[in-house]
Amino acid sequence: SQELEQSPQSLIVQEGKNLTINCTSSKTLYGLYWYKQKYGEGLIFLMMLQKGGEEKSHEKITAKLDEKKQQSSLHITASQPSHAGIYLCGADAGYKLIFGTGTRLQVFP
Amino acid sequence: DGGITQSPKYLFRKEGQNVTLSCEQNLNHDAMYWYRQDPGQGLRLIYYSQIVNDFQKGDIAEGYSVSREKKESFPLTVTSAQKNPTAFYLCASSIVQRRGSGNTIYFGEGSWLTVV
Chain A
1 SQELEQSPQS LIVQEGKNLT INCTSSKTLY GLYWYKQKYG EGLIFLMMLQ KGGEEKSHEK
61 ITAKLDEKKQ QSSLHITASQ PSHAGIYLCG ADAGYKLIFG TGTRLQVFP
Chain B
1 DGGITQSPKY LFRKEGQNVT LSCEQNLNHD AMYWYRQDPG QGLRLIYYSQ IVNDFQKGDI
61 AEGYSVSREK KESFPLTVTS AQKNPTAFYL CASSIVQRRG SGNTIYFGEG SWLTVV
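If you read the sequences in order, they're chains A and B. Start counting the first sequence at 1; every next residue gets the next number (my numbering). Start counting the second sequence at 1; every next residue gets the next number (my numbering).
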């Protein structure tokens with residue numbers, strides 16, 4: 001079965017700093033989804049990547065999928081307190097998404 | 001506004017009781033899902049439905065039941081057979097999902113269930 005591993009598990013950064021979250025799959029990815037979650041709330045869709053080498057950006061968040069389609073990274077430029085939360089990657093497993101365990105991001109002034 | 005509505009937000013259950021979590025969507029999606037989220041374990045699929053009157057077990061279906069009588073509704077019942085039901089439950093919906101389809105899965109705001 002497919003497994004997703006996220007790193008780091010937790011990240012604390014100062015406001016204005018850049019950061020990267022990684023998501024590694026045990027199998028080739030047919031689609032990789034990034035979501036953001038505030039604790040105790042629902043998941044907010046950020047981006048979805050399908051093609052090897054693909055890169056997408058939204059505001060200050062950029063996601064990439066490597067050429068081999070087994071690893072994705074999420075990069076935040078000039079972090080702000082509004083970026084704080086849990087970031088989850090999800091893999092297209094046909095009828096469902098399989099999720100990583102999440103990365104908890106804290107941003108302090 | 002279009003979206004997914006889950007209720008209640010907080011629910012307390014006594015041991016031995018069955019409880020039902022509601023999920024309604026007005027996105028006209030055929031597929032609906034229930035996930036369970038525990039600290040440090042990500043999300044795990046309980047049940048999913050691709051069409052009305054049909055549903056399939058996910059990875060952790062034991063102790064749960066669902067129904068899909070209407071396209072917009074997919075309630076989840078947590079039965080007394082579920083040994084550790086305290087968790088955060090998330091309902092989701094999408095256009096029918098197939099591998100590589102690239103369809104986005106949208107999530108509701110979640111429901112907290114606590115056994116007392």
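Hints are supplied without guarantee of correctness; some may be wrong.
As the list claims (entries may be wrong) - Examples of chain B residues lying across from chain A (beta carbon under 10 Å, computed):
(1) 8
(2) 12
(3) 15
(4) 16
(5) 42
(6) 43
(7) 48
(8) 61
(9) 91
(10) 97
(11) 99
(12) 106
(13) 107
As the list claims (entries may be wrong) - Below, in silico cross-link-like pairs of lysine-lysine (BS3-like), each with a Cα-Cα straight-line distance of 30 Å or less:
(14) A:64 - B:14
(15) A:17 - B:57
(16) A:38 - A:64
(17) A:60 - A:38
What the hints assert, rightly or not - Here's a subset of chain A near chain B, in silico, CB distances under 10 Å, partners left out:
(18) 7
(19) 11
(20) 30
(21) 35
(22) 88
(23) 92
Derived by calculation from the structure, the hints in this document are not laboratory data. Values in this document were obtained by computation on a predicted structure and should not be read as measured data. All C-beta atoms in this analysis are idealised placements derived from N, C-alpha and C, irrespective of residue type, glycine included.
Tested hints:
1. The beta carbon of residue 8 of chain B is not positioned within 10 Å of any beta carbon in chain A (closest approach about 14 Å), and the interface hint is therefore violated.
2. Annotation: interface hint on residue 12 of chain B violated; nearest CB of chain A at approximately 16 Å, more than 10 Å.
3. The interface hint given for residue 15 of chain B is violated, since its Cβ lies 23 Å from the closest Cβ of chain A, which is over the 10 Å cut-off.
4. For residue 16 of chain B, the interface hint is violated, since its Cβ never comes within 10 Å of a Cβ in chain A; the closest pair sits about 26 Å apart.
5. This hint holds: residue 42 of chain B has a C-beta 4 Å from the nearest C-beta of chain A, less than the 10 Å allowed.
6. Proximity of residue 43 of chain B to chain A holds as hinted, the smallest CB-CB distance being about 4 Å (cut-off 10 Å).
7. This hint holds: residue 48 of chain B has a C-beta 6 Å from the nearest C-beta of chain A, less than the 10 Å allowed.
8. For residue 61 of chain B, the interface hint is violated, the least distance from its beta-carbon to any beta-carbon of chain A being 12 Å, above 10 Å.
9. The interface hint given for residue 91 of chain B holds, since its Cβ lies 9 Å from the closest Cβ of chain A, which is under the 10 Å cut-off.
10. A distance limit of 10 Å between C-beta atoms decides the matter here; for residue 97 of chain B the minimum to chain A is near 5 Å, and the interface restraint holds.
11. Annotation: residue 99 of chain B was flagged as interfacial toward chain A, and the flag holds, the nearest CB pair being 4 Å apart, inside 10 Å.
12. For residue 106 of chain B, the interface hint holds, the least distance from its beta-carbon to any beta-carbon of chain A being 7 Å, beneath 10 Å.
13. Among the interface hints, the one on residue 107 of chain B holds; its C-beta lies about 4 Å from the nearest C-beta in chain A, closer than the 10 Å criterion.
14. A hinted pair counts as satisfied when its Cα atoms are at most 30 Å apart, and residue 64 of chain A with residue 14 of chain B does not qualify at roughly 46 Å.
15. Annotation: proposed proximity of residue 17 of chain A to residue 57 of chain B is violated, straight-line Cα distance about 43 Å (limit 30 Å).
16. A threshold of 30 Å between alpha carbons decides the hint, and for residue 38 of chain A with residue 64 of chain A the separation of about 23 Å falls inside it, so the pair holds.
17. With a CA separation close to 18 Å, the supplied pair residue 60 of chain A and residue 38 of chain A stays within the 30 Å bound.
18. Taking 10 Å as the C-beta cut-off, the interface hint given for residue 7 of chain A is violated, the closest approach to chain B being about 13 Å.
19. Restraint check, residue 11 of chain A versus chain B: the minimum CB separation of about 15 Å is more than 10 Å; hint violated.
20. Checking residue 30 of chain A against chain B: minimum C-beta separation of about 5 Å stays under 10 Å; hint holds.
21. With 10 Å as the threshold, the beta carbon of residue 35 of chain A comes within range of chain B, its nearest partner Cβ sitting at about 8 Å, so the hint holds.
22. Restraint check, residue 88 of chain A versus chain B: the minimum CB separation of about 7 Å is within 10 Å; hint holds.
23. The criterion of a C-beta within 10 Å of any C-beta in chain B is met by residue 92 of chain A, whose closest approach is roughly 6 Å, and the hint holds.
This entry does not satisfy hints 1, 2, 3, 4, 8, 14, 15, 18, 19, going by the numbered hints stated previously.
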